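Put chain D on the given structure of chain R with help from the hints.
Protein chains: 2
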Amino acid sequence: MSKLTPQSQDFPKWYQDVVQMADLAEHSQVKGCMVIKPYGYAIWENIQKDLDARIKAAGVQNAYFPLFIPQSFLTREANHVEGFAPECATVTHGGGKELAEPLVVRPTSETIIYDTYSRWVQSYRDLPLLINQWANVVRWEMRTRPFLRTTEFLWQEGHTAHASKEEAETEVKRALDMYVDMDRELLALPVLTGKKSEKETFAGADYTCTTEALARDGKAIQAGTSHLLGQTFAKAFDIKFQDEKGEVQHVWQTSWGVSTRMVGTIIVCHGDEKGLRLPPRVAPIQVVLVPIFKTDEDKIRITQELGDLVQTLEAHGVRVKFDERDNLSPGWKFNEWEIKGVPIRIEMGPRDLEKSEVVVARRDTSEKNSMPMADLASAIPDLLEEIQANMLKQAEEFLNSSIHEADSVEEMKKILDEKGGFVKAAWAGSSDDEKIIQDKTKATIRIISDEPLSKKGTCILTGKETDQLVYFAKAY
Amino acid sequence: MSKLTPQSQDFPKWYQDVVQMADLAEHSQVKGCMVIKPYGYAIWENIQKDLDARIKAAGVQNAYFPLFIPQSFLTREANHVEGFAPECATVTHGGGKELAEPLVVRPTSETIIYDTYSRWVQSYRDLPLLINQWANVVRWEMRTRPFLRTTEFLWQEGHTAHASKEEAETEVKRALDMYVDMDRELLALPVLTGKKSEKETFAGADYTCTTEALARDGKAIQAGTSHLLGQTFAKAFDIKFQDEKGEVQHVWQTSWGVSTRMVGTIIVCHGDEKGLRLPPRVAPIQVVLVPIFKTDEDKIRITQELGDLVQTLEAHGVRVKFDERDNLSPGWKFNEWEIKGVPIRIEMGPRDLEKSEVVVARRDTSEKNSMPMADLASAIPDLLEEIQANMLKQAEEFLNSSIHEADSVEEMKKILDEKGGFVKAAWAGSSDDEKIIQDKTKATIRIISDEPLSKKGTCILTGKETDQLVYFAKAY
Chain R
358 MSKLTPQSQD FPKWYQDVVQ MADLAEHSQV KGCMVIKPYG YAIWENIQKD
408 LDARIKAAGV QNAYFPLFIP QSFLTREANH VEGFAPECAT VTHGGGKELA
458 EPLVVRPTSE TIIYDTYSRW VQSYRDLPLL INQWANVVRW EMRTRPFLRT
508 TEFLWQEGHT AHASKEEAET EVKRALDMYV DMDRELLALP VLTGKKSEKE
558 TFAGADYTCT TEALARDGKA IQAGTSHLLG QTFAKAFDIK FQDEKGEVQH
608 VWQTSWGVST RMVGTIIVCH GDEKGLRLPP RVAPIQVVLV PIFKTDEDKI
658 RITQELGDLV QTLEAHGVRV KFDERDNLSP GWKFNEWEIK GVPIRIEMGP
708 RDLEKSEVVV ARRDTSEKNS MPMADLASAI PDLLEEIQAN MLKQAEEFLN
758 SSIHEADSVE EMKKILDEKG GFVKAAWAGS SDDEKIIQDK TKATIRIISD
808 EPLSKKGTCI LTGKETDQLV YFAKAY
Chain D
358 MSKLTPQSQD FPKWYQDVVQ MADLAEHSQV KGCMVIKPYG YAIWENIQKD
408 LDARIKAAGV QNAYFPLFIP QSFLTREANH VEGFAPECAT VTHGGGKELA
458 EPLVVRPTSE TIIYDTYSRW VQSYRDLPLL INQWANVVRW EMRTRPFLRT
508 TEFLWQEGHT AHASKEEAET EVKRALDMYV DMDRELLALP VLTGKKSEKE
558 TFAGADYTCT TEALARDGKA IQAGTSHLLG QTFAKAFDIK FQDEKGEVQH
608 VWQTSWGVST RMVGTIIVCH GDEKGLRLPP RVAPIQVVLV PIFKTDEDKI
658 RITQELGDLV QTLEAHGVRV KFDERDNLSP GWKFNEWEIK GVPIRIEMGP
708 RDLEKSEVVV ARRDTSEKNS MPMADLASAI PDLLEEIQAN MLKQAEEFLN
758 SSIHEADSVE EMKKILDEKG GFVKAAWAGS SDDEKIIQDK TKATIRIISD
808 EPLSKKGTCI LTGKETDQLV YFAKAY
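For the record, the sequence lines run as chains R and D.
Numbering follows the working numbering, in which position 412 of the first sequence is assigned residue number 769; successive positions increment by one, without gaps.
Numbering follows the working numbering, in which position 283 of the second sequence is assigned residue number 640; successive positions increment by one, without gaps.
Calculated from the structure, these hints are not laboratory results.
There could be a bad hint or two in this list.
Pair ranges (Cβ atoms, derived) [to be verified]:
1. D/Ile760 <-> R/Met499: 53 to 61 Å
2. D/Gln751 <-> R/Asp807: 58 to 66 Å
3. D/Lys797 <-> R/Met499: 39 to 47 Å
4. R/Thr527 <-> D/Pro687: 30 to 38 Å
5. D/Gln599 <-> R/Trp689: 19 to 27 Å
6. R/Lys725 <-> D/Glu439: 53 to 61 Å
7. D/Thr527 <-> R/Gln668: 23 to 31 Å
8. R/Asp807 <-> D/Thr527: 55 to 63 Å
9. D/Lys651 <-> R/Lys406: 44 to 52 Å
10. D/Glu654 <-> R/Thr527: 42 to 50 Å
11. D/Glu439 <-> R/Asn684: 39 to 47 Å
12. D/Thr722 <-> R/Ser521: 43 to 51 Å
13. R/Gln668 <-> D/Met499: 50 to 58 Å
Subject to a maximum C-alpha distance of 16 Å in a straight line, what follows is the list of computed EDC-like cross-link-like pairs (lysine to aspartate or glutamate) [stated by the list, open to error]:
14. D/Lys370 <-> D/Asp563
15. D/Lys388 <-> R/Glu455
16. D/Lys592 <-> D/Asp563
17. R/Lys388 <-> D/Glu455
18. D/Lys725 <-> D/Glu714
19. R/Lys631 <-> R/Glu444
20. R/Lys388 <-> R/Glu444
21. R/Lys799 <-> R/Glu775
22. D/Lys454 <-> R/Glu444
23. D/Lys406 <-> R/Glu444
24. D/Lys656 <-> D/Asp629
25. R/Lys454 <-> D/Glu444
26. D/Lys797 <-> D/Asp774
27. R/Lys388 <-> D/Glu458
28. R/Lys406 <-> D/Glu402
29. D/Lys413 <-> R/Glu714
30. R/Lys454 <-> D/Glu498
31. R/Lys413 <-> D/Glu402
Sample of chain D residues with no beta-carbon within 10 Å of chain R, all distances over it, derived [claimed, not checked]:
32. Glu402
33. Lys712
34. Ser758
35. Lys792
Just so it is clear, the structure is predicted and the values come from calculations on it, not from any experiment.
Here a beta-carbon is modelled for each residue, glycine too, at the ideal position from N, C-alpha and C.
This is chain R alone, in the form it adopts within the complex (with noise of 0.2 Å):
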C-alpha cells in the first residue's frame, strides 16, 4: 500500500488517497461518473436507512418518477431551464430511432413530478401531498470528485404540495431540521443553517434553506437543501385545488434532497493524518478484531476466543469484523482498518489471551488501552457511543472555533487565507457585489442568518447600514 498524502500538506490529493486507500469508490471509465465500491456504499446505505426512517415518521411516502424527462417539460419554468438546461445529458435515439422529442435524464425532477401532481391533485382533500424519491440524477460536471461532485450521483428529493404558503414554509423549515438532526446525530456533524443568497438560490424556488459543514481545510461544504418553492411550479405545470370554500387556488410547494455528496461531507469533514474517520452510527463496520500470534497453537486459541467475541458482539448489535487475512501482518492490517476509519480496533495476542485481556485501540483519540474480555459486551457498545459523542464535540469545537469576524473585505480575505472558516459579517449588498466579493476572496455567501443583528451593522462592502447578518466562506 503506497502512503496517504498528509492532509495538511495537500488536502486535495489526501481527498483523493483516502477515497483510494480506504476502498471507498473510484472513477469509471465514463467521465465524470464513479464507481462506488462496497464499503463507501455501506456508508451510503446506513445514510438511507437512518434518514428514510426520519422521511416516514414525518408522514412522507416514497414513489418513483420516471429517469427521463421530455425537453419540453424543463423549459417551462424559465429559471429552471436556466439553470439545469446546460448540465443536462440528453438522449435522442432510442431502439435504434431518433425520437420525436429529446428525452432529458432527470438533473432533478422537479417537471416530470409536478406534471404528475397536475393529475393528482383535484381538492383541498388531497393536500397535503407528500412525495419522497430515492433515485439517481445526472448532471453534467465539468470538474468531478468522487463523492463531492460527480455526473451521476444517488440521492433522495422531498416533492410536497400544499394549501397554503405557511404549511409549505413549515415543511421547509421540518426537511431543514430533519436533516440538521440527521447531521449531527448519525454523522456527528454540526452544521450551520440559514437561507441562501439570492444567488446560490435553487433554480426555481423563492427561496433556498441550506445546511453548511465545515471541512477540515477550512471550506465550507453544503450537506442538504430544502427549497420553497412558492407557486412558481405549480402555476408552470398547472397544480391547482379546490380549498374548503370551492375556490380553485394554486398549490404552495416545497423540495428538499440530500445526495452521495454526504459520504464526501464525511471524509472532509471527520478524517484526519490517519485518513479516514467514521462516526460509530454511521459505520459500516464499527468493531475490526485483529489477532497477532506466531506459532500455530497460538493461532488457533487466538481465533477461538476472537470467534466467540464476534459472536458475543453481534449479539449487541454491533457491527463487527474479525479479520483473519493470513498474508498480512497485523502492523499492515491496523494501518488499512486506521485509513478505513473503523472507530474501534481489538487486537488480542498470546499474552492478552493469557490474561483474558484484549487491546482497543480508539480511532478518534488514537488511544489504546487493555480491557478484560468479561467486559466487552458492555464496555464495546458504550465505547462506540461514546466515540460518536466525542466526533461531534471535536467537530464543534472545531466549528465554533472557526467562526470569525471581519469589518473590511481585506480582513475577510486575510482570515479567509490565512485560518479558512467562516467569517460573519453585516450584508447589504446585490447578487453582483456578492460576485464582487467572490472574485477577491474567492468566498460566497454560505448562510444568510436567521437572527439579524441586535443592533444595525455597516455592510462589508457596500458600507450600507443593515441588520442582515450572513457568513462568507470559500466552499466546496
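Relative to the frame of chain R, chain D by itself:
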C-alpha cells in the same frame, strides 16, 4: 369509483383496472415509463428489504456502477450486443455538446461492471467477487404494461466472479434457490425451476436458470433468472487471475436478477374478482380498521377504541391503517381496501362496541367472523400467518392442477387454449423447432426440467427419442 372489469371476462383489462384502482402505478408522459405510486412502491420496498437481507446473508455486497455505458463496451461481446442493442436508449449530447462516443443507458450492467472487474481481480485471493447492485435500467420496449414490461424498471443485478466453473455453477444455483425461497416465503408463490431453452437464454450466457410462476389466466410468468456466464465476458473484458500455482486464468462468472416485474407477478398470480390480494408479509398495510357509526357519540367512542387497537397491533409488529376518512361510506371503504388487497379488515360498529367485539374479514377467503377485542393482540398476528400459509396453499393447488401432459402438438394446443397452465412433454427439438411450436400454439418452453424422464420418451414434435422433459406454456 368505476367498476372493476371481471377477471374471468377480460384478464388484461382486469389487470389494468387493478393497477389503476389499487393506486399502484400509472403511465407517465414518457412513452413506456411508469410512475410507481406510493402503494405500489411500498410493495417493492418490502420485496427489496426481504431480498436484500437474503443477498447480504450470502456474503454478497452492494455497490453502484454508472448508469451510462460507452457504446463500445456493449459491442465487445457479440451475443450480448445482438440481444440488447435494439433495445437501447442512447445519450448523444451532454452539457450542450455532442459526445465523442455515444453513451447507452444501461439495459443491464454486465459490460460496465466487468470492465471494472478486469481491474479489481488480479489474484485468487480476490475471488470469489460477490457484488450486487440495486438500480434502474432501460430497455426500449414497443408494447408496455405497468410492472410487467416497462421501458424503465427497477431491479437488482448480482454479478459474481469465481475461480472455477464448479463454484460459478454453485452460485447460479444459490441465487436461484434464494429467489425460490423468497417467492414462497414472502410472496406465497410456488414456482417451477429449471434451465431455459437456448432460444430464451440470456444474451451472452452459457445457460439461464429461471423461476416460473403461474398467473390466474393460465399464463406462465418469469419471476427471476440466474445465469451462468461462463468465461465469455471474462474473455471479452480480460478478467484474469493468478491461481495458487501461479498460473493465469480467466474467471468464471454469473449474473442474476429480479425486478419490479415481481409486483406485476403478485397481481396476476394472487388477484381475484375483487382485485388485488396481497400476502401479509409483503403487504404495506396488513390490517385496515374501518369504523361504522351514525351518531357523533358512537363516532367518538369507536374512534377511541380503534385508536387504542392501532397502538396494540403496532406494538405486536402489525402494519395497520385506521381509515378515518369521514367523507366516504363504510361500504365504499370495504370495496377500496379489497381492491387494494389488504389481508385483514376489522370493522367496528356500535353493537360490536357494546359486546367488546369487532368483525374480522379475511381478504383471502372472504370469511367474516366476530372476535373479542381482548384476543386481537395475539389472534391477528396468528391470522396473518394463517392467511400467508393459505395463500401459498391456494397457489400451490392452482399450480399443481395446471400441469398437464400431452402426446402431440395438437393435444398441447387444445389444453393450452382451453385450460392454460403448463404442458409437460418430451423434447428433442432445436431452437427452430421451438419456433414452430410457438407459431402453432403461442407457447414457448418455459423450463427444461432438472429431472430427466425416468425412461426415454418421444419428442412431441420431432418424434426423436429423448429423456429431456420440458414444460411449455403461453407466457407474459
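Point to revise | Indices of hints not satisfied (ascending) | key: 3, 10, 14, 19, 23, 24, 29, 32
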